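With the hints as extra help, turn the sequences into a complete structure.
Read off the chains here:
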Amino acid sequence: VKRRSVIAVVGAAGVTLVAGLYRFTDLFVKHYPPTPYDDLLTRLIDRDQAIKLGRRMTDHFDVGQQAARLRATFASQDLTTAIQADIAAGRLIEMDGWVMPDTLARLSALAAKTTTART
Amino acid sequence: LTALIDARTLPDGQVLTPDLVIIGGGPAGITLAMALADTKLKVLLLESGGTNFDPRVQALYAGEQSSYVALDAGRLRTLGGGTNHWGGWCRPMDEMDFEAKPWLPYSGWPFSRKALEPYYPRAQALVEAGPWIYDQKGDAMTASEGSVLPLGQGGLYTSWFQFSKMRGSVLPTQFGHRYEADLKACANLTPLLHANVTAIRLSHDARKVERLDVATLTGKHFTVTPRWAVLASGGMENARLLLASNDVMKTGVGNQNDLVGRFFADNPVPRDVATLVSFAGPLAPFYGSNQTLDDGAIMRATFAPTATFCRNAKVLGSLSTVEQAEELDQTGKAAVITTAIALGVDASKARAYSLGCGIELAPDPDRRLVLTGEKDALGLPRLKLNMRIADADFDRYRRTLVEMGRQLLASRTGMLRIEKRTREDWLRDWGHHHLGTTRMHTDPKQGVVDADGLVHGLANLYVAGSSVFPSYSASNPTMNLIALTLRLADHLKKVTA
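One line per chain: the protein sequences are X and H, in this order. 1 is the number of the first residue of the first sequence in my numbering; add one for each residue after it. 1001 is the number of the first residue of the second sequence in my numbering; add one for each residue after it.
Worth flagging that the hints you see were computed from the coordinates, not collected in a lab.
Computed cross-link-like contacts, DSS-like style, restricted to lysine-lysine with a CA-CA straight-line distance of at most 27 Å:
| hint | chain 1 | residue 1 | chain 2 | residue 2 |
| --- | --- | --- | --- | --- |
| 1 | X | K113 | H | K1333 |
| 2 | H | K1349 | X | K30 |
| 3 | H | K1493 | H | K1184 |
| 4 | H | K1333 | X | K30 |
All values derive from a computational prediction rather than experimental measurement.
In structure tokens form, the structure reads like this:
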């Protein structure tokens, strides 16, 4: 067996292993069961923390309506822009007393309603 | 030197005839006595207590109350009055505090802050709070200690308290002890201790004060017949003495329009009202504790609403102070991480702090002192305080906190959690600032005293102290009432000349 072939096989195995760990474990990235709202929830970089926060949303929360509202919000802007617009306009929600931008609070609540935290 | 005279040693039945009598030896009374030292007036200062605490004297304060601390708990009946237990917090009232607010009934003073400004430097000197720094130079003077928290554009800003100079490690300036020698040095002043005014006797036409009945707890009685009298007994006793002196005016002196004792106010000072998170790490030390500058000034930062925010959002004064560092719970950590990531801010060094506050209440005529049928050891009817606070008072402060939370997010410097939920949460601590019971107004139907402190309808009875504040501010009243008393002294110098 040529030395070059050994290196190629070992390398390919390594890449496959890393790809497998990435895809099928939470070692590099946390994986959540698919939801109909992943287009929204992928905007949350740390979804587990958002879920913990979102559980404290006490207002009535209709998942379908809120998702539609969030999609409308994100049709023309990203999350950062949206929450800065909320802050400037005073669109704020108290979650467990925390004064939060409206969009971020609703997105966190959506995560809590539709996903199970991995931690 | 004149001595402090113990009224218990005077012959029974004596008649004293000063030009001007000051009833009460607290900060207002002592300030006024010293301010009149350069006049030819023969001044008599009557203080109910002695130079030290006496429980029998203190018991004269006892009364009834609802939803408030015991009436003999938040004040001290000794020479120096409330300064014997004050915290030394000083801050001038804001211009906005003097304004009549169209949305707030009974608000506004008969003059602007400009009327007090000439007297603030002297008041600052009397409370020994060092050079005048406050908001004019506070940020710059404390720059070596750290930076103020950037709040950006919005409703709140970092404002500054200064403190009455600490003596050793114990207490701020106590007027009785600090100025005892000065009182003794006033050649025109007779300071009389253990002298309790039990009645203000008016002329038959109810136009002027003719005499005061005075008694000691040892059973001595004597009379004072002054040309002018100044009532400076504190926010509760001023009203009590006026209401109880009802032989000529049946509803009480100055109470022809049923205003004496109404509009009582205090500053609620609830703790742990909110949690403030600073994303960048620890706040500058002047937020959480008093800092002594090189020039001796003692300063502490506070968060105050701007005049523009107060006007637009229809909120009143409040001063929120950082109390202590605290640990966040799991939800708190989640809120900080989620928000910081979304804002694109590194919050790995974030620190959390609890906030306390002092709140201004709206004037309320039904928050009032009335006399009861029970009498004290000198025969004076005791007081009952009907305390109440509107939900709107707390709602206004909550709106202020929400705005602060919004500003922290807007400036990407932190975030805020509002901790108080129920009404009872807010009602645990008081500033013991007794305000408003002989309110000042140019219209006799809306105030007990006029803009000079003269009781409406009377020629020679004035009221000094925070009982004349028609609306209240969140700033602690002591230095402000001293400035107002110095203004009264100037007025008295003119009218008695």
